[in-house]
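Take the given structure of chain A and dock chain B to it, following the hints.
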Amino acid sequence: MGFFTRLLGYMSFGSSHPLRRLGTYYAVLLIVGFFVFRFVPLLDGLLSGERLARLAQAPSLLQDGLLTGKIQSPEADFTSRLEFATSTAFILLSTLAIMLPVTWVYMSARSGHGHNQSVVQALIVLPMIVAGIVLIVSNSLALAFSLGGVVAAVRFRTNLSDARDVVFIFLAIAVGFAAGVQEITIALMLSIIFNFVLVLIWRYDFGRAVLEPTASAEWAEPLSDLAGKDKSGHKVPDRDLVLALTPKKVEALADRFDRVRSILGPNGKKPRYNAVVSVMTNEISEAQKTVEPALEKVTKRWKLDEVVTNTGKPSELYYIVRTRKSVERDALLTAIRTSGNGTIDSVDVEIGDALAVEAGEERRERKKQEEPA
Amino acid sequence: MRHAWCATSLGLCLLAGSACHNRGSDLAELTRSQTAVARETRLEKALADRNAAVAGKPLARWILPAPLREISGLALTKDGRMLAQGDEIGEIWEIDYRRGILVKHFFIGEAVKGDFEGITVANDVLFLMASSGRISMFHEGANNSHVAYNVVETGLKKDCEFEGIVFDPTINSLVLACKHIHDKDVHDAIVLYRWSLASDTTARLSKVTVSLVDVLRANGWKHFHPSDITIDPETGNYVLIASLEKTLIEMTPAGSVVFARSLPEGHPQAEGVAITKDSILIVSDEATAGPALITLYKWP
Numbered sequence: 000m001g002f003f004t005r006l007l008g009y010m011s012f013g014s015s016h017p018l019r020r021l022g023t024y025y026a027v028l029l030i031v032g033f034f035v036f037r038f039v040p041l042l043d044g045l046l047s048g049e050r051l052a053r054l055a056q057a058p059s060l061l062q063d064g065l066l067t068g069k070i071q072s073p074e075a076d077f078t079s080r081l082e083f084a085t086s087t088a089f090i091l092l093s094t095l096a097i098m099l100p101v102t103w104v105y106m107s108a109r110s111g112h113g114h115n116q117s118v119v120q121a122l123i124v125l126p127m128i129v130a131g132i133v134l135i136v137s138n139s140l141a142l143a144f145s146l147g148g149v150v151a152a153v154r155f156r157t158n159l160s161d162a163r164d165v166v167f168i169f170l171a172i173a174v175g176f177a178a179g180v181q182e183i184t185i186a187l188m189l190s191i192i193f194n195f196v197l198v199l200i201w202r203y204d205f206g207r208a209v210l211e212p213t214a215s216a217e218w219a220e221p222l223s224d225l226a227g228k229d230k231s232g233h234k235v236p237d238r239d240l241v242l243a244l245t246p247k248k249v250e251a252l253a254d255r256f257d258r259v260r261s262i263l264g265p266n267g268k269k270p271r272y273n274a275v276v277s278v279m280t281n282e283i284s285e286a287q288k289t290v291e292p293a294l295e296k297v298t299k300r301w302k303l304d305e306v307v308t309n310t311g312k313p314s315e316l317y318y319i320v321r322t323r324k325s326v327e328r329d330a331l332l333t334a335i336r337t338s339g340n341g342t343i344d345s346v347d348v349e350i351g352d353a354l355a356v357e358a359g360e361e362r363r364e365r366k367k368q369e370e371p372a
Numbered sequence: 000m001r002h003a004w005c006a007t008s009l010g011l012c013l014l015a016g017s018a019c020h021n022r023g024s025d026l027a028e029l030t031r032s033q034t035a036v037a038r039e040t041r042l043e044k045a046l047a048d049r050n051a052a053v054a055g056k057p058l059a060r061w062i063l064p065a066p067l068r069e070i071s072g073l074a075l076t077k078d079g080r081m082l083a084q085g086d087e088i089g090e091i092w093e094i095d096y097r098r099g100i101l102v103k104h105f106f107i108g109e110a111v112k113g114d115f116e117g118i119t120v121a122n123d124v125l126f127l128m129a130s131s132g133r134i135s136m137f138h139e140g141a142n143n144s145h146v147a148y149n150v151v152e153t154g155l156k157k158d159c160e161f162e163g164i165v166f167d168p169t170i171n172s173l174v175l176a177c178k179h180i181h182d183k184d185v186h187d188a189i190v191l192y193r194w195s196l197a198s199d200t201t202a203r204l205s206k207v208t209v210s211l212v213d214v215l216r217a218n219g220w221k222h223f224h225p226s227d228i229t230i231d232p233e234t235g236n237y238v239l240i241a242s243l244e245k246t247l248i249e250m251t252p253a254g255s256v257v258f259a260r261s262l263p264e265g266h267p268q269a270e271g272v273a274i275t276k277d278s279i280l281i282v283s284d285e286a287t288a289g290p291a292l293i294t295l296y297k298w299p
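Protein sequences, first through last, are from chains A and B. Numbering-wise (numbering that gives the first Met the number 0), the first sequence opens with residue 0 and increments by one. Numbering-wise (numbering that gives the first Met the number 0), the second sequence opens with residue 0 and increments by one.
Isolated chain A, as found in the complex (with noise of 0.2 Å):
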């Protein structure tokens, strides 16, 4: 397997372009049928669809007996059995070698939504079944329909979450019938045009309403703009993690993104707050004015910095602040509750540099313990 991954990309000159990733295995894939058609005859049926039209028996020149020195037959009966059993075996083979690259294509088209292992394994086994159900049903019309009773008595459903699942079983079954009726040819054919459209339509979005923004094209830019740029440039490199929030998800980021911003303050400089101190209440006013003369006297500054308010539901006061060392986080939060008679309901601090705090602290500790060694 390390070695077909290695030969893959050094083909793709190591590309991780999909495309090119999809267009070198199906190269390899044509090399080895080539090879494998050239120089083992009696496969080459299957590629052609050969074994079909001799089922038929389409007109055909019989071999000439006076003109053959000594009679052969053409096929004995242990070389016409090891032939069924060979191909067979490459029928079923060709079906894994043909459906591998739709489950690559599967799991990444599916990777925003998280893919379903258990259709990645079906498309895997469901177009060997079924290649095996066609190759034993064959002309026959009473085995068709015995194997139509058998499926009825089966019953088996399975539903799936989304449509596009169903589109890749039914390749999946397609490619089966395919091989089954040793038409490999047409399941390549498939399996190569499935992918390289299904990589362009995922590609470009297509099918998306032309009037509407596309989520990555909605959120990515004020994203990028809370989240910097790259050493590359790309605003943001996790195109899957744009596309995967909700306008929502977006505005509370970006709200701590601000937040953050104004704790860390602009880069290489001291930052002037170093916290945020979240105040729950259901009296803004009171509370505002308890709350900030205890800020005034248990940290170096303080600034409002958002109120929120809501209904049903206790409000929400923001302060970013400059915690004084001497002042520990238990005795912040105790001086800004006990400031509030009664008109706070809860108060959280989210120290920035805590576990700086913490393991500058530990460091000390460890050097006390070290010195009288």
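These aren't lab readings, by the way, just hints derived from the structure by calculation. We put the CB at the ideal spot given by N, CA and C, even for glycine. Hints are not guaranteed to be accurate.
Claimed, not checked - Derived, one-sided and incomplete: chain B residues facing chain A with beta-carbon distance under 8 Å:
(1) Thr34
(2) Arg60
(3) Trp61
(4) Leu63
Positioned in the frame of chain A, the structure of chain B alone reads:
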């Protein structure tokens, strides 16, 4: 780099496309092909050769493909086309015996299974006989088609194991050749049953027993088990072959043997016989160690 990749892919696709090219051809092309024309010319020349019959030399021999490995009976249509049938499946094949071309095949029903032993054509209706004497009637079908059929039980299963059938137009009857006679009192004889196709005939079935004692003694043969029967279109005589004994007998419809002789070399299991209007004896051999064959001789 991208161009190189595209060019490589395109090249591979073209290569694969050329490998996938279907080499099929239709009947008209085959008939006009150089090989077919050469074969027919050769056959005409061989037919014109006066020594061909004397030497027992085949005019032509065609090797049949695997699906026809159990070829069992031969029949000629009114317009001179040859039909052949396999032993185990109700599948009929048309073979252009002059050019060695497999023209078409069709199935009886859904390729019914059975122990089919002989086929004949009477007034555009085909009759396929099983070893039990059960006869399936149907019309000729197109290539790869399935045709409807009717079955007639002759009720002769207890009397005989049949191997050959032919239509005798002079008496409007099917003639069934018995290979193994269950009646232990009948020895060294050919037993033929006649099944009249005239629906108003009260006694449809009649039996002809031809003693072969003299013939067997004269040729030093122990038995004669017919594997197929046909009619010489020139004389109206019955011609029977026996695969076990590798022999051939011509007899009049009345039951007198005209001649008996061994089959030429190269007939491992002769299961079918037919004689064309242009005096060609066709013998079909089931596959044994080698492939199934059709061999053409000058007749008589």
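Hints violated by the structure (numbers, ascending):
none
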